[in-house]
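Chains as they are written, first to last, in UniProt numbering: chain A, 1 to 143; chain B, 1 to 143; chain C, 1 to 143; chain D, 1 to 143.
FYI, nobody ran anything at the bench for these hints, they're computed from the structure. Owing to the predicted nature of the structure, the values given are computational and were not obtained by experimental measurement. For each residue, glycine too, the CB sits at the ideal point set by N, CA and C. One thing to keep in mind: the hints can contain errors.
[Claimed, not checked] Derived BS3-like pairs (lysine-lysine); straight-line CA-CA distance at most 25 Å:
| no. | chain 1 | residue 1 | chain 2 | residue 2 |
| --- | --- | --- | --- | --- |
| 1 | C | K80 | D | K80 |
| 2 | B | K80 | A | K80 |
| 3 | D | K80 | C | K95 |
| 4 | B | K80 | A | K95 |
[Claimed, not checked] On the chain D side, residues computed to face chain A include the following (Cβ under 7 Å):
| no. | residue |
| --- | --- |
| 5 | D91 |
| 6 | M93 |
| 7 | K110 |
| 8 | V117 |
| 9 | S139 |
[To be verified] Output of the computed footprint for chain B on chain C, the stretches with three or more beta carbons under 8 Å from beta carbons of chain B:
| no. | segment |
| --- | --- |
| 10 | 89-100 |
| 11 | 128-135 |
As a plain string of letters, each chain reads:
There are 4 protein chains.
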Amino acid sequence: MTKPAGNVMGVEALTEFLAEAFPQVCDDFTVEEVAPMRLRVRLNVAERHLRPGGTVSGPSMFSLADVAVYLVILSMIGPKALAVTTNCSMDFMRKPAAATDLIAETRLLKLGRVLAVGDVLIYSDGLEAPVARATMTYSIPPK
Amino acid sequence: MTKPAGNVMGVEALTEFLAEAFPQVCDDFTVEEVAPMRLRVRLNVAERHLRPGGTVSGPSMFSLADVAVYLVILSMIGPKALAVTTNCSMDFMRKPAAATDLIAETRLLKLGRVLAVGDVLIYSDGLEAPVARATMTYSIPPK
Amino acid sequence: MTKPAGNVMGVEALTEFLAEAFPQVCDDFTVEEVAPMRLRVRLNVAERHLRPGGTVSGPSMFSLADVAVYLVILSMIGPKALAVTTNCSMDFMRKPAAATDLIAETRLLKLGRVLAVGDVLIYSDGLEAPVARATMTYSIPPK
Amino acid sequence: MTKPAGNVMGVEALTEFLAEAFPQVCDDFTVEEVAPMRLRVRLNVAERHLRPGGTVSGPSMFSLADVAVYLVILSMIGPKALAVTTNCSMDFMRKPAAATDLIAETRLLKLGRVLAVGDVLIYSDGLEAPVARATMTYSIPPK
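Isolated chain A, as found in the complex (with noise of 0.2 Å):
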């Protein structure tokens, strides 16, 4: 296997094009730290992604989950691209610190020509065990 390349997009190219793509959710989201194959990204929890008693939805974890993926995808291949979700698998293991943000620590393990695969650990900030960890597939339209 080829090594794969560095990212193409950084912090700050993937922060302008969820404002431009996503301008109800870029709010949501900010996205920390980019590495070839790994990606950083932080849910600003606010009153809309709680549940009564003061946890994070389950939504707003999926929510999270996917767009670090996405946006993972997009630093290794540009802006170009119009993928989409096809599989999602997620566990709840334990209850978010009540309204705390979240980060997601996100990983590609596959980039491929028609599929990529992505792995996220999701935690409560300053919180060491994970809180989820979910699995996305994207699949990426041929140009």
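With chain A held as given, fit chains B, C and D onto it using these hints.
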């Protein structure tokens, strides 16, 4: 195996429960039909569920599947349960029709003492082929 | 959506294909029924499929689900396909009956140009509640 | 969160346990390294694990992931547990090298009172990119 008992909550009781326990999302969903180990629930699609282009977002589909399995469990064991999602797998198979309600046909495959597993097929209202499928596992805490 | 065409391979053609392409495992399986987008296949349980205590092993159930979805795809598109499994999710819900054949009721939910998704419920022969469920995604290589 | 305690079983104890509890498959596996919440185990690839063409079969990879998570759980809680697999998700990302051992790098993400969740990356021995990933959930019965 003994046959599962009948429902202990019907459409009305589930609708009331949803309104009390989840006031912030209860308008999103309409419980349409309840039967032993089965349930049909509708996502009343609104602007906030859509991606640019008009298709229903992934997190909205996750949310629908999650609520659907939660409700079919409650329909069998009653409102006292504090069940939490522990695992989810989803396949996104077709693009939902633009700005059209989604229907979740839900089947409870296992209702154990500790774990419950439900299967969901999600349809765009009026179309024959499912847009997504999901399986959700809930952990049922001991009394 | 256009209706899926009918089957291009039936029970006999699939059984012959299995014997030629997978001689080492073909005795494990009996194709019982084929219909458009549906198929039923039996795992002929033998000593090698069992765990201590007589229950059918996890890998044997995986193997059954994998073959079942492969065969339902071939039944629709013919024997030329070099399809490969790309994703699997399984829930093991009940202990299979000791030393009893397993039946896989299989439904093809999506048959795309590139990806196919099939859903399987696995039963111990003669029992009503499923012992496991599986979803398998196959990638269909371009001609 | 308190830190997980150290291992209560090491390479030797796990190897002995495997030989006694699963004599029919113990030759398939070599436990190579054990650390807190982590374990590496090898699939000693033989004729019976191969598909035509020499690639390792899907059921063999499932079997490796399943054993890997089982053993990392036992390494933390000891041999008395009657843990059973309740859920599995796998992504098959690359074709394994022909007739080459597989290595499962295993991490226990959650070790709860009732559920344990482990993550596995499977490599062809000597290659850098993983051929598959798996997540397995085990249910741990009460004493």
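Here is how each hint holds up against the structure:
| no. | hint | in the structure |
| --- | --- | --- |
| 1 | K80(C) x K80(D) | 49 Å, violated |
| 2 | K80(B) x K80(A) | 49 Å, violated |
| 3 | K80(D) x K95(C) | 20 Å, holds |
| 4 | K80(B) x K95(A) | 20 Å, holds |
| 5 | D91 | 5 Å, holds |
| 6 | M93 | 4 Å, holds |
| 7 | K110 | 4 Å, holds |
| 8 | V117 | 5 Å, holds |
| 9 | S139 | 13 Å, violated |
| 10 | 89-100 | holds (count 4) |
| 11 | 128-135 | holds (count 5) |
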